[in-house]
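Starting from the known structure of chain A, arrange chain B on it as the hints suggest.
Protein chains in written order, with this note's numbering: chain A, 1 to 476; chain B, 477 to 952.
Watch out, some of these pointers could steer you wrong.
As the list claims (entries may be wrong) - Once the Cα atoms are required to be at most 25 angstroms apart in a straight line, the calculated DSS-like pairs of lysine-lysine come out as: (1) A/LYS136 / B/LYS605; (2) A/LYS160 / A/LYS136; (3) B/LYS605 / A/LYS361; (4) A/LYS79 / B/LYS711; (5) A/LYS133 / B/LYS605; (6) A/LYS429 / A/LYS377; (7) B/LYS600 / A/LYS133; (8) B/LYS754 / B/LYS865; (9) B/LYS707 / A/LYS79; (10) B/LYS609 / A/LYS133; (11) A/LYS5 / A/LYS32; (12) B/LYS936 / B/LYS600; (13) B/LYS612 / A/LYS136; (14) A/LYS136 / B/LYS609; (15) B/LYS481 / A/LYS129; (16) B/LYS600 / A/LYS199; (17) A/LYS219 / B/LYS675; (18) B/LYS695 / A/LYS219; (19) A/LYS129 / A/LYS377; (20) A/LYS79 / B/LYS717; (21) B/LYS951 / A/LYS231; (22) B/LYS853 / B/LYS890; (23) B/LYS612 / A/LYS361; (24) A/LYS241 / B/LYS555.
These are calculated hints, taken from the structure and not from any lab test.
Model, not experiment: these values are computed from the prediction.
There are 2 protein chains.
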Amino acid sequence: MFGLKINRNLDLSLTRQLCDQLRELIEKGILKSGQRLPSTRKMADELQISRNVMVEVYEQLTAEGYLESIVGSGTYVSKNIVQDRYINNSKQIIKSRKEKKIEENLDIVNNDIIQFVGGIPDLKLFPRKLWSKYLKNTVQNSTADIFGYGDILGDFELRKTLTDYLFRVKGIQCNPDQIIITSGSSEGFMLTARVFTNKYKSVFVEDPTVNFIKTIFNKLNYHLKPITVDKDGMKIEDLEKYKQAGLILLTPSHQFPTGSILPIHRRQRVIQIAETTKSYLVEDDYDSEFRLKGVPIPPLQVLNSSRVIYVSTFSKNMSPGLRLGFLVIPTDLINDFRTVKNTLNIRTSTIKQRAMAYFIKDGHLDRQIYRMKKEYKKRRSYMITLLSKKFGGDITIQGDETGMHLQLEFLPEKYNLINWNSAEQYGIKIISFEEYSLIKGENKNKIVLGYGNLDLKNIKSGINRLVEFVEDEIKE
Amino acid sequence: MFGLKINRNLDLSLTRQLCDQLRELIEKGILKSGQRLPSTRKMADELQISRNVMVEVYEQLTAEGYLESIVGSGTYVSKNIVQDRYINNSKQIIKSRKEKKIEENLDIVNNDIIQFVGGIPDLKLFPRKLWSKYLKNTVQNSTADIFGYGDILGDFELRKTLTDYLFRVKGIQCNPDQIIITSGSSEGFMLTARVFTNKYKSVFVEDPTVNFIKTIFNKLNYHLKPITVDKDGMKIEDLEKYKQAGLILLTPSHQFPTGSILPIHRRQRVIQIAETTKSYLVEDDYDSEFRLKGVPIPPLQVLNSSRVIYVSTFSKNMSPGLRLGFLVIPTDLINDFRTVKNTLNIRTSTIKQRAMAYFIKDGHLDRQIYRMKKEYKKRRSYMITLLSKKFGGDITIQGDETGMHLQLEFLPEKYNLINWNSAEQYGIKIISFEEYSLIKGENKNKIVLGYGNLDLKNIKSGINRLVEFVEDEIKE
Chain A
1 MFGLKINRNL DLSLTRQLCD QLRELIEKGI LKSGQRLPST RKMADELQIS
51 RNVMVEVYEQ LTAEGYLESI VGSGTYVSKN IVQDRYINNS KQIIKSRKEK
101 KIEENLDIVN NDIIQFVGGI PDLKLFPRKL WSKYLKNTVQ NSTADIFGYG
151 DILGDFELRK TLTDYLFRVK GIQCNPDQII ITSGSSEGFM LTARVFTNKY
201 KSVFVEDPTV NFIKTIFNKL NYHLKPITVD KDGMKIEDLE KYKQAGLILL
251 TPSHQFPTGS ILPIHRRQRV IQIAETTKSY LVEDDYDSEF RLKGVPIPPL
301 QVLNSSRVIY VSTFSKNMSP GLRLGFLVIP TDLINDFRTV KNTLNIRTST
351 IKQRAMAYFI KDGHLDRQIY RMKKEYKKRR SYMITLLSKK FGGDITIQGD
401 ETGMHLQLEF LPEKYNLINW NSAEQYGIKI ISFEEYSLIK GENKNKIVLG
451 YGNLDLKNIK SGINRLVEFV EDEIKE
Chain B
477 MFGLKINRNL DLSLTRQLCD QLRELIEKGI LKSGQRLPST RKMADELQIS
527 RNVMVEVYEQ LTAEGYLESI VGSGTYVSKN IVQDRYINNS KQIIKSRKEK
577 KIEENLDIVN NDIIQFVGGI PDLKLFPRKL WSKYLKNTVQ NSTADIFGYG
627 DILGDFELRK TLTDYLFRVK GIQCNPDQII ITSGSSEGFM LTARVFTNKY
677 KSVFVEDPTV NFIKTIFNKL NYHLKPITVD KDGMKIEDLE KYKQAGLILL
727 TPSHQFPTGS ILPIHRRQRV IQIAETTKSY LVEDDYDSEF RLKGVPIPPL
777 QVLNSSRVIY VSTFSKNMSP GLRLGFLVIP TDLINDFRTV KNTLNIRTST
827 IKQRAMAYFI KDGHLDRQIY RMKKEYKKRR SYMITLLSKK FGGDITIQGD
877 ETGMHLQLEF LPEKYNLINW NSAEQYGIKI ISFEEYSLIK GENKNKIVLG
927 YGNLDLKNIK SGINRLVEFV EDEIKE
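One chain only, chain A, in its complex shape (with noise of 0.2 angstroms):
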């Protein structure tokens, strides 16, 4: 009948076929508009079908507008239907298999090169075994609503745990309204930067800095004013001469990429700053607890909490793939945020949001903290000693008290002309300052050396292939 077959081997229903097919038949124009169909009862005789299959299909059909009944007369072909022009996508190539395979092969290739960028911390050594069942807990014992939308501004178990943790940690004092949790920091950038579109203008960097942050203020049309990074950070009295209101952004604890730490001074001077000019500072702390020698340095939100907003982040001290983040942000500013945290609509999974509150609650945050830092320095040391063994008096090491990253300077006059991009022909990849500066050429000795995703023998190799490339590129 029509052509009709069916195909028992098939993954799908007898239904899903003959629909499939019906439809087909119709958007060709094989049947036609006002065509009346045999009964159901025929049709499934003739196919040896179940009746009932014949009427769950011709039910279907006639959802869908394909069909019509008419009572006491039979189903019909609806009017109305195009049947001139059949949209044939059905030769659409499901090519993609075979293509990904080639890139997985890429992949393999491109993992062999040694990253020594920064900012990744070691993904082996995420707590897989706790994680998971801090997850398995929540998603098995917490009430329902845990599965449903959720509060926009974050989970309040998380941000009750945060406010004590940061306490404890940082010595920040807030309470959960002013904590937002974001899927990372870069959400946190993205809402601050929306926050003030309508009222600043401008928004002072670093320079160097991380990129993905002049993107996000750079689309909003802010205009970007580098300030020169020194050896402890930011320069203070080069911001001081602009005497105008804006987003100062600063990544005190650490600077990256040039490891850095702003001396109280100039923190006292960048809080001076921005109450006169009305400014806000914008507090990047995204690996402050992985100094190596004493704890944390107390954030700039704690000098001055309502001229602060202090942007967090679960990825360097757990892992990006969780995607969890967070602000503190000034109590003054809490509406602004929650308006723009609706119209966005972007909500956090609060099921990990809660596991994360009861891991941190148990103490294994800290536990994964102290783990890493032990790990951390000894990759560093390891790192230093090799360095200076082969380079000498010709390098300087810089920015190595925190993190999982520190600069290596060459000698100006030496080094100067490297071509950092070819490094990738040596396996290795390194990303040098001139990437991460506004202002081009002054940088073009430094380099950033992450060590957070690699383990000794990768430090080992990875610093053989640098001095292979360093030597091969001086010589030319």
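Just chain B now, with coordinates in the frame of chain A:
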């Protein structure tokens, strides 16, 4: 010495306690700039603590810039520190615990209100055991790269799995490159709005429709052009007269809030319009799996994959708390979407994506949908029975073939003046079509009744309250 105190019962390390106190003494000017401090040995003796702790304290405060160490001379309070203004924020009261208690109590009262709002599935029936098992397995057994930032377009494993799933369940043919994973359909709309922000000025929306979508497009300065919805969905003939390129947003499988299904002749017509005006259709397929009879209606995407942006979500068939959704986009638009995704730099956690991939592969999504369909079917019939018994010929029920909500229309002459907002005083939350309408005044007698998150007992008391409320309202 300097009034320094040590409290061994505190949850803070000795180093932290001493650093905090010394910082305060310096900021207050009690310890003056340039003042020489006693040696670590002397301090340690005085405070009866280990000298190592005191060394740590001095090193910490030196790193922060509070102290300076001069070789062969000793440790001094740094110069340049502003000492006349001590920013006192230690008095900031963490009051929120108590405030929150009050809010929580309000919540309990709030919970007693029976929510007839649409769009929320039964959170109590979330497959907790299974989902926690898949999360656990993913976290414990995947390769470490799932803890990294991940592919910004989404985990390849999930995108590949979705191509198979979408073909099997909805007839969609696409390859993984066309799929973009989002954190819910709301992000899907936001990305779409951004991709076309410089290309189109107008967005044609169903009237009535959900409000969050209007907000997204409004915010990006699109002109919202309302197209009336009747019992067959968007009135495509009204759209036709515009002859103008733009985005056309629609919910063809189950319109929200009317519940109508767009029949095939209107589908063909709207696709033709998109082709001739070079517009794109944005198909919101939020709950078509829950077609209570037969199989899901094939999406518009199947009719023309190059003019349709297909927006979907796991919020309805699994849970909003997962924050997981996806887009299927035409091949031509892949680069544009990638650019917007990169600029926004918002990613979805790979962990849950990978877990979802295996959950789908193992057939659990199908099983969950099957289970929920049966449940919703029961609730729907029960609700319809109650409604018919109580209101008889005064009501018409529509849109009851799919999903988790239906449209209840009252005879206009008798019920037109009901103020549905005041239903909360009767313990029910009812949203009328007026709240979803761009053109006001035409839908006062229509309400949405969502039953996704209400069990039979709640439905019964809810309908009783509805009857009581309506009777009191029309008496006045």
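Comparing the hints with the structure gives:
1. A/LYS136 / B/LYS605: 8 angstroms, holds
2. A/LYS160 / A/LYS136: 21 angstroms, holds
3. B/LYS605 / A/LYS361: The given pair, whose Cα atoms are some 24 angstroms apart, holds under the 25 angstroms limit.
4. A/LYS79 / B/LYS711: With a Cα-Cα distance of about 17 angstroms, the restraint between A/LYS79 and B/LYS711 holds, given a limit of 25 angstroms.
5. A/LYS133 / B/LYS605: Holds, because 13 angstroms separates the two Cα atoms, which is no more than 25 angstroms.
6. A/LYS429 / A/LYS377: 22 angstroms, holds
7. B/LYS600 / A/LYS133: Holds, at roughly 21 angstroms.
8. B/LYS754 / B/LYS865: Violated: B/LYS754 and B/LYS865 sit about 50 angstroms apart, past 25 angstroms.
9. B/LYS707 / A/LYS79: Roughly 18 angstroms between the alpha carbons, so the hint for B/LYS707 and A/LYS79 holds.
10. B/LYS609 / A/LYS133: Distance of about 10 angstroms is within 25 angstroms: holds.
11. A/LYS5 / A/LYS32: Holds, because 19 angstroms separates the two Cα atoms, which is no more than 25 angstroms.
12. B/LYS936 / B/LYS600: Satisfied, since the Cα-Cα distance of roughly 18 angstroms is no more than 25 angstroms.
13. B/LYS612 / A/LYS136: 7 angstroms, holds
14. A/LYS136 / B/LYS609: At roughly 7 angstroms apart (the allowed maximum being 25 angstroms), B/LYS609 and A/LYS136 satisfy the hint.
15. B/LYS481 / A/LYS129: Violated. B/LYS481 to A/LYS129 sits at ~41 angstroms, over the 25 angstroms cutoff.
16. B/LYS600 / A/LYS199: 44 angstroms, violated
17. A/LYS219 / B/LYS675: 17 angstroms, holds
18. B/LYS695 / A/LYS219: Cα-Cα ~15 angstroms, so holds.
19. A/LYS129 / A/LYS377: Holds: A/LYS129 and A/LYS377 sit about 24 angstroms apart, inside 25 angstroms.
20. A/LYS79 / B/LYS717: 22 angstroms, holds
21. B/LYS951 / A/LYS231: 78 angstroms, violated
22. B/LYS853 / B/LYS890: Roughly 30 angstroms between the alpha carbons, so the hint for B/LYS853 and B/LYS890 is violated.
23. B/LYS612 / A/LYS361: Holds, because 20 angstroms separates the two Cα atoms, which is no more than 25 angstroms.
24. A/LYS241 / B/LYS555: With a Cα-Cα distance of about 22 angstroms, the restraint between A/LYS241 and B/LYS555 holds, given a limit of 25 angstroms.
Checked against the numbered hints given earlier, the structure breaks hints 8, 15, 16, 21, 22 and satisfies all the rest.
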